[in-house]
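Using the hints, put the two standalone chains together into the complex.
So the protein sequences, as listed, match chains A and B. So for the first sequence, my numbering puts the first residue at 1; every next one is plus one. So for the second sequence, my numbering puts the first residue at 501; every next one is plus one.
No lab work stands behind these hints: they were computed from the structure. Please note: incorrect hints may appear among the correct ones.
[To be verified] With a Cα cut of at most 25 Å, we get these calculated DSS-like pairs of lysine-lysine:
hint, chain 1, residue 1, chain 2, residue 2
1, A, Lys-112, A, Lys-67
2, A, Lys-362, A, Lys-374
3, A, Lys-374, B, Lys-666
4, B, Lys-671, B, Lys-615
5, A, Lys-442, B, Lys-939
6, A, Lys-374, A, Lys-279
7, B, Lys-807, B, Lys-666
8, B, Lys-671, A, Lys-442
9, A, Lys-362, B, Lys-874
10, A, Lys-362, A, Lys-168
11, B, Lys-615, A, Lys-374
12, A, Lys-442, B, Lys-666
13, B, Lys-782, B, Lys-874
14, A, Lys-362, A, Lys-279
[As the list claims (entries may be wrong)] What the simulated footprint calls covered on chain A by chain B, stretch by stretch (three residues with Cβ under 8 Å from a Cβ of chain B suffice, anywhere in the stretch; the number is not a length):
hint, segment
15, 392-402
16, 408-419
17, 422-428
Being a predicted model, the structure only gives us computed values, none of them experimental. We treat Cβ as the ideally placed atom computed from N, Cα and C, and that holds for glycine.
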Amino acid sequence: MSASLFPNAQQLSAVLPLLLPSMAACLLPIAALDKDQSTQKWIRGAMFFIALAAAIGGFFYVTSLWKSGHQPFYGPLRMDRLGQFAAIFVLLTATITILQLWDHLHQEGWVKGETLSLLLMSATGMILFASTTHLLLLFVALELLSVPLYALTATVRTRMEAAEGGMKYFLTGAVASSCFLMGSVLLYGATGTLDFRTMTALSADPIALLGGALLLMGFLFKVSAVPFHQWTPDAYEGAPHPISGFMSVATKGVALIALLRVFPGALSVIPGLAILGTKARLAMAFLALLTMIGGNLTALVQTNVKRMLAYSSISHAGYLLLAFVADTQQAYVGLLYYLVAYMAMNMGAFGLLTAFGLVGDKTTFANLRGLGWKRPGLSIAATLCLLGLAGLPPTAGFFGKYMIFKELIGTGHIGLAVVGVLASLASVYYYLRVPVALFLEKPSESQERDRAEQPDAGAPFAGATVLVCGALVLVAGLLQTLFVDGFAARVVRDWTELGR
Amino acid sequence: MTAWINTHLLSFLVFAPILWGLLLMLLPERQAPLVKLLALLGATGVFTVALMHLLRATPDASGILVREWSPWFTAVGLPVDYHLAVDGLNIWLILLTAFLTPLTLLGTWNSLERKAGAAMGLFLVLEGSMLGALVAQDLLLFYVFWEAMLLPMFFLIGLWGGQDRKYAATKFMLFTLAGSLIWLVALLYIATKAGGFSPELMAQAAQGLPFRTQFTLLLAFTLAFAIKVPLFPLHTWLPDAHTEAPTMGSVILAGVLLKLGPYGLLRFALPIFPAAFIVLAKPIAILSVIAIIYGALVAMVQWDIKKLVAYSSVSHMGFVMLGICSMTTLGTQGAMLQMLNHGISTGALFLLVGMIYDRTHTRMIADFGGVATKMPVFSAIFLIITLSSIGLPLTNGFVGEFLILNGAFTSHFAWGRVLAGISTLGILLSAVYMLWMFKRVFWGPANPDGESGTAHISGDLNAREVAVMLPLLVLVFWMGLHPQTFLGHSQPAVEQLLSDAQAPGQRPTVLAAPEPRVSEERR
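In isolation and in its complexed conformation, chain B is listed as follows (with noise of 0.2 Å):
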């Protein structure tokens, strides 16, 4: 078994978690106990597993730390191949997923009142898929598991969700897939010039066609993405889905799934298509500043800390957006870093919230007040957050934030001064609608009404629900005072990429195909 994990560490990490998580969807529902302990145990396992090979690895000559390469299928002339790879793009993310999930699955230990063995299965088939998107190389393996991934999450949200869960969940379905498919026809169309599904081939292809082809590929290419970030004007299923969501889903839609967007641009969208996507890339920093101050001034005026929450995710990535429109290394590093952030901190807002939730049944702002008394601890740990969300020096969110402004600022657009000073203005918004939502809710009287969710309140955190936030608290210094542990990994592969999109000629060669699978198997 670890010999098999040593030459298929990506194959299991991806699909360990699917068939674990189909294994238990299969169980009854009485063994619903038992069911969850399984699911952490396996989502436990497969951080452990993640953790221990991939901080162990050392990257190849081409910053390459794991990777599984052999044909896929080759039908009807097209080669794909099963391409999977780590490097410095996409390793904090895989580890991001791979600790998100044992932390979400025992946040909501309890929270789910039906069909938990269920949910919980769902969402490791959910992991899995999402880590093949992040480990895919090859296109159209990345688009299955790009596709693969909503289903999942449509039924978490369908079946777990709020009172119009229907709604949200076929509306999440339907904006995602009309990015995808008009991006998939892109795809077919660049991989028929290409004559395959890899990156390589494909940024050579497209350097051969007309810069207008270049441009409308890219536009379909950032359309798919630009949905999932969710960019401003296409965020409008975010607040639905985060809102209808069970928290559980709520998390891992804002600290994963969110992240494929801004990592499929970096990943694929730029290498492809660079010459195009510098002229691309002014709008698009324009849409994420837009993004940034909407996103701020809707948080503010929301009355559900929920909604509020995810209109602060949609502030929150244009600052990633913004850094990798900024086609700068500080920039883009910053992005990278906001997407850890990002994860962390609306990670941890969404479970607290959940946590509150599971006592009250209500998420309205207006129903607390007074919180602070009842429940010191979580009071104590939900400031940590909310400041570190605001990005207040020290903790994560600051070093992201101050990053990417700074890249921004340094940026070749004439207008990237004046983006950056506009986005200054998002954090400073953020510190009104974060602070005066934790003012009503945590500080004052309790609301006077007699449905005041405050009454409800029985007791502060117990053990469980303060194991899941301690991990979330060491990160959130951990990356305010040394990010470096973090950036080390992004900083040549962000370099690689942009010196490349820079110079698009001195392209190295295409790497060889690999050899056929025979040899992988014998090892």
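In isolation and in its complexed conformation, chain A is listed as follows (with noise of 0.2 Å):
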């Protein structure tokens, strides 16, 4: 094979939804260097708009090759439909993450540009994550994705909670990619081979088991299930409310694509690893019921939005593992389509704190209260966000959980399905605190004199994003076909003819 010391076109094509955010998150530290007071606010302007240009042009790149159906590789890296998917997944979110930074960091007093490069870095993570099943390569994503983020969450370092999390997502991520690192040697001890795609005729040997289970860990650790979530209040808590959104949906959804690869169920390329196929359904429907039973419990007590929102995240790792319990490859089209939905929700859910300007301590439910009507459109808007979260029609949450319930139920496994639909009884509990502080409540005496006071806090970029996820959240409800028949559906289709 006479390799060539650079990428011809096909493999550039695979190469470039990863070196857009990269090329871009290399260069805002260099505009971020000028310190002149004069020219800050146009450097200011000039960085996001760079990073926003990276995310949408990646975002537009990778369309664009998915309506023309190349599915290009170079390696072991596969920008197949399944990356493809994940990359405008990623892509997305990081844009409206971007847009939301703007307006947080100016609320916060903290404009630097660390911060967008550090977020443009973990995006080309993920997708290198969600696009490879080579082991060397998927550790090496991990740690892309994750460092970034580590730094990102004690971004405002000037604050308590930012410092804590940042360390405690620090310290638990270390042990989960190191985890992660042992996984992978045992596998190759087991197998003689990194790849997945080349690991064939496994046995049900011991070192095998206990290194696909260290792997799980690692795996399982970014998506914040239970025992693994122990990080994410606190995380969550501490960082800028857009990377809280991000870390949220972005992290759990190429965690959960990068585990579709891997995983030895419907989808799964690797004959070898078929064996272990009822060991890991079996271990992932006693996490997913932990995960749905311990995240729903604990989201009830909160009192603070922003945790309350990092617990409804946990619960909903666990309604998105239920799609491998029951290992259909349409409840693998109900996880792609719900994490969609996940998307806009979540996005939605954090920027409503953005754009209200709550920042430090005054993210609790009793800080909400009354500033719907000050902004109407907007807290309907992030309403439907929650109430999608909670799972009510006609919004797209509850065709998600309907996709994948539907299948959980097709596989017997009933009993999941009303521990399931119990735990998300509990979950429109405090899913609806939000609505109701903010339109049922009336403001304290103090808080009416302290809004008063302070200037509106605008939030344009914030808002809008806001009001396009909640549209999306109806939309993709409304016309669920468009979104399962379009991307889901045909990811799954793709994919496994590719795969075979």
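This is how it looks when you write it as structure tokens:
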């Protein structure tokens, strides 16, 4: 094989979705070096523009790739439908995050270049993570997506909670990474190969089993499933709101997509791992049960909206893992559809806090009181997002849950489905607390006074993203055929065709 | 437009109020008078269209008056249809909904002090989603509308309600959701067995299941519907919701929302699981009788007029459930009529309570007394509605309760006669609590304490309020004197339903799936 030093056009098109955000990530810190006060405003604008251009450019590039039907690859990097889906998902989330960051960082008074650079770096790692089955590359991608996130969590480093959250995230994340690495080593030892695709004829070797379990732990840590969730509330509480949203959506999403590639089940490309299938499904069922119950019950007693959303994101990990328990192609279609819906719902929910300019310790339910009447359109859109998270029809959240639960029941896991719906009944209560606070409760007198003194948060970009998210939650629910047949079902179909 | 309405009548009935309501909610608050007018016009328009088209429609071979049927989505396997239809079972409930909405809007014209426009917009959204649930023939579509009804009601109670509105709204939401989420699991289970969400397919699939499974599934179905009715002992959300809700919320809650419970039982639970339903009907009948007596007894000791009417709803809805569980044509027909009766009488009572509350800002019975001297017209109307609620002959209440008791008496159950006998006591008790309340509020001297509600009454009903009550009074007597108008449509439907249930083997074959949507749209 005469491997040329430079990639050819086809290989380049596989790398370009990674190249665009990573190049912008390298460019941004240089722009941030300029300390001149007079040009600062322009520099800031330019930084956000570059970051946005990279994310949106990448998004459009991958969309065109999707439309053309090409599924390029470059060595172990496979920009197939699943990879493209992940790239679209991550870059869209990143775009919304950057828009919200503009408002949030100005509210915090902490507009620095490295924030955007780290964000794009992490996005690059996420795309890579979801588009390879090579263990070494997976590990590199895992670190590339995690390390910037540790730093991003603590980005507003003057705040105690930020430092605390970042530290906790880093320490637990390091344990998860080492589990992942150890699992990879054991799998390599048992099979003699680093690429999942070439792992054949795996017996029920205890070493391979242990390796698989350790690897799974690494994934589940990123998904924030119980009992690997301990970092989640602290990290989300400490991080800037848009970054919390980005972590909850993109990290969870790509971890699940990457898991989809290697999970020994209906979509598996690795015949050798089939022997682990039943064990893996059993483990998933157990963890999903724990996650749904644990996440939802803990969310009930939160007083801070961000912590509530953190536990809500844990409970959603539980619902999403149910797709792996059902383990049918249609369940995975449901999973991918739900990820899109989840992106809109969660970014909208976190965007609400940014749009109202609630920073620091002001993210409690009490601080939301009566705000709904100030900006009704925005609040209604955010309410839609939260009702979607609660799974009420006709939002996209309902149809996502519907697709997953239907397959779960179809494969005979009725007990799990009953626990799932009861857990989501509990969730309705805590999601409703937000619209209740927004519309039904009156602000206290001191709050009224504070609000009168403070200037309006403004936050035009964050407000716009919330509106878009709310509309998407409704549209994806009413026109679910478009999203399912157009995106999710095609991914799964092409993936199974290609994989075989 | 008219041509479109002719072919898409049901879509129009469902989505016109929803879209119109959403549009009105966007208008600024200072335009409230205009918004109110537009809301009233919209609601009246919907009622006119429904009345004109539905009553003129002629039934086809299977008793369907109007139908719209096209595939909705088949995402991930199961086909879900956009299947709307009106037949003998739901035509009058649809008309009742469309009828009560403009009346309620007019009746609560000045009741809301703030954001009246938004409330009326929300009310129209509620109307549309209720109509959607009433016409939906596909179970997933029904489920979507069934859940969609909760939100506007939640906000109506939560935003415009009384002191404990937050508690009442959340309780309403969680209670109803608890039932429907468990129902959803059962629904998905039977749908995966049947390969679709149409009741016919499900009924076929259910026959192939073991009886225990059928019974468990039916229990899950019934739980969702019974919470909505609400059946004793699942009724505790209702008094809270009614007491805290604004007048318009109470009227539509009692008038239509509760009816979806029995309607769901008749439309879906009974045809899908006939064998299991016959078994389950007995315990439900006993619970209904408990609800009749218990609701009446609790109503008797209430201090708050609205809460009294709320508990009387529990009692009256018990009659409806008893009629359905008798599994006789008479009883079921009586239940159909009683649903309408309850919608008219209790809706009217809530409107009347709202009218006096607007004047005095109290609903405590003890605050009143001697209202009849200050408001003679109001008192006369209130008395007529009271008597209709008790079930005096010549009024609507009598016919419904008579048919139900007759049905229960002639049913196959060994206990049927005993149950019918005990229920008769419920009618007696209803006379006690209603007339006693009437005596304390309207007759005798005014409350001697300074805080008396009667003292605040400035005048009798105005022309608007009389105009609201007149159609209701006409209906009270119309339904009492010539119930055939309202029973004629449902007679064949109910007979068909019951004969199918008793002989599930000879069910007609499943209707053919509709042609793809193209032909629908080209027309």
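Do the hints match the structure? See the list:
1. A:Lys-112 with A:Lys-67: Violated, at roughly 36 Å.
2. A:Lys-362 with A:Lys-374: Between Lys-362 (chain A) and Lys-374 (chain A) the Cα gap is close to 17 Å, so the pair holds against 25 Å.
3. A:Lys-374 with B:Lys-666: The hint holds at about 20 Å.
4. B:Lys-671 with B:Lys-615: Distance ~24 Å between Lys-671 (chain B) and Lys-615 (chain B) Cα, so the pair holds.
5. A:Lys-442 with B:Lys-939: This hinted pair is violated, its Cα atoms lying about 40 Å apart.
6. A:Lys-374 with A:Lys-279: With a Cα-Cα distance of about 53 Å, the restraint between Lys-374 (chain A) and Lys-279 (chain A) is violated, given a limit of 25 Å.
7. B:Lys-807 with B:Lys-666: With Cα atoms ~17 Å apart, Lys-807 (chain B) and Lys-666 (chain B) stay inside 25 Å; holds.
8. B:Lys-671 with A:Lys-442: Roughly 20 Å separates the two Cα atoms, so the pair holds.
9. A:Lys-362 with B:Lys-874: violated (54 Å)
10. A:Lys-362 with A:Lys-168: With a Cα-Cα distance of about 22 Å, the restraint between Lys-362 (chain A) and Lys-168 (chain A) holds, given a limit of 25 Å.
11. B:Lys-615 with A:Lys-374: Given that 25 Å is the threshold and the Cα spacing comes to 14 Å, the pair holds.
12. A:Lys-442 with B:Lys-666: holds (12 Å)
13. B:Lys-782 with B:Lys-874: violated (49 Å)
14. A:Lys-362 with A:Lys-279: violated (45 Å)
15. 392-402: holds (count 6)
16. 408-419: It holds: at least three residues are needed, and the segment 408-419 of chain A offers 5 whose Cβ sits within less than 8 Å of chain B.
17. 422-428: Held - the segment 422-428 of chain A has 4 residues with a Cβ nearer than 8 Å to chain B, which meets the minimum of three.
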